[in-house]
Amino acid sequence: MAEEAGIPTISMGNAADRMAHIRPPRALFVKFARGSMFGEPGNVKRQRRIILDALDALKTMTEPGTIQELPYKWKRPDPE
102 MAEEAGIPTI SMGNAADRMA HIRPPRALFV KFARGSMFGE PGNVKRQRRI
152 ILDALDALKT MTEPGTIQEL PYKWKRPDPE
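Under our numbering, the letters of the sequence shown match residues 102 to 181, in that order.
For the record, the hints were derived by calculation from the structure and aren't laboratory data.
As the structure is a prediction and not an experimental result, all values here were calculated from the model.
Incorrect hints may have been included.
To be verified - What follows is a set of in silico ranges between Cβ atoms, one per label pair, in the way DEER data are often shown:
id: 1; residue 1: Asn144; residue 2: Glu104; range: 17 to 25 Å
id: 2; residue 1: Met102; residue 2: Trp175; range: 27 to 35 Å
id: 3; residue 1: Lys176; residue 2: Glu105; range: 37 to 45 Å
id: 4; residue 1: Glu105; residue 2: Arg147; range: 30 to 38 Å
What the hints assert, rightly or not - Restricting the straight-line Cα-Cα distance to at most 25 Å, the calculated cross-link-like pairs of lysine-lysine (BS3-like) are:
id: 5; residue 1: Lys176; residue 2: Lys132
id: 6; residue 1: Lys160; residue 2: Lys146
id: 7; residue 1: Lys132; residue 2: Lys160
id: 8; residue 1: Lys146; residue 2: Lys132
id: 9; residue 1: Lys174; residue 2: Lys146
id: 10; residue 1: Lys160; residue 2: Lys174
id: 11; residue 1: Lys146; residue 2: Lys176
id: 12; residue 1: Lys174; residue 2: Lys132
Cβ coordinates follow ideal geometry from the N, Cα and C atoms, glycine included.
Model the full assembly from the supplied sequences, consistent with the hints where possible.
Below you can see the structure in the form of structure tokens.
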């Protein structure tokens, strides 16, 4: 509904196969632990960078279904 009204949206996920199947209008893929799409808890600098990357992607991703992988790596052991 938002896209149809001219409001761009972006999804974030860590399961590239699911994202490719769902085909959101725009998506960012992160290699992070489940439930932590913006990085490790307390890593404000990285979280801010990811938010800025997402906002930039809203401007640069023009093809429907585009999935862009962010270059960041998870730096803590996976949560149990």
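Cross-check of the supplied hints:
no.: 1; hint: Asn144 <-> Glu104: 17 to 25 Å; verdict: 31 Å, violated
no.: 2; hint: Met102 <-> Trp175: 27 to 35 Å; verdict: 33 Å, holds
no.: 3; hint: Lys176 <-> Glu105: 37 to 45 Å; verdict: 39 Å, holds
no.: 4; hint: Glu105 <-> Arg147: 30 to 38 Å; verdict: 33 Å, holds
no.: 5; hint: Lys176 <-> Lys132; verdict: 10 Å, holds
no.: 6; hint: Lys160 <-> Lys146; verdict: 22 Å, holds
no.: 7; hint: Lys132 <-> Lys160; verdict: 22 Å, holds
no.: 8; hint: Lys146 <-> Lys132; verdict: 17 Å, holds
no.: 9; hint: Lys174 <-> Lys146; verdict: 14 Å, holds
no.: 10; hint: Lys160 <-> Lys174; verdict: 24 Å, holds
no.: 11; hint: Lys146 <-> Lys176; verdict: 14 Å, holds
no.: 12; hint: Lys174 <-> Lys132; verdict: 6 Å, holds
In the structure shown, a violation is registered for the earlier hint numbered 1 alone.
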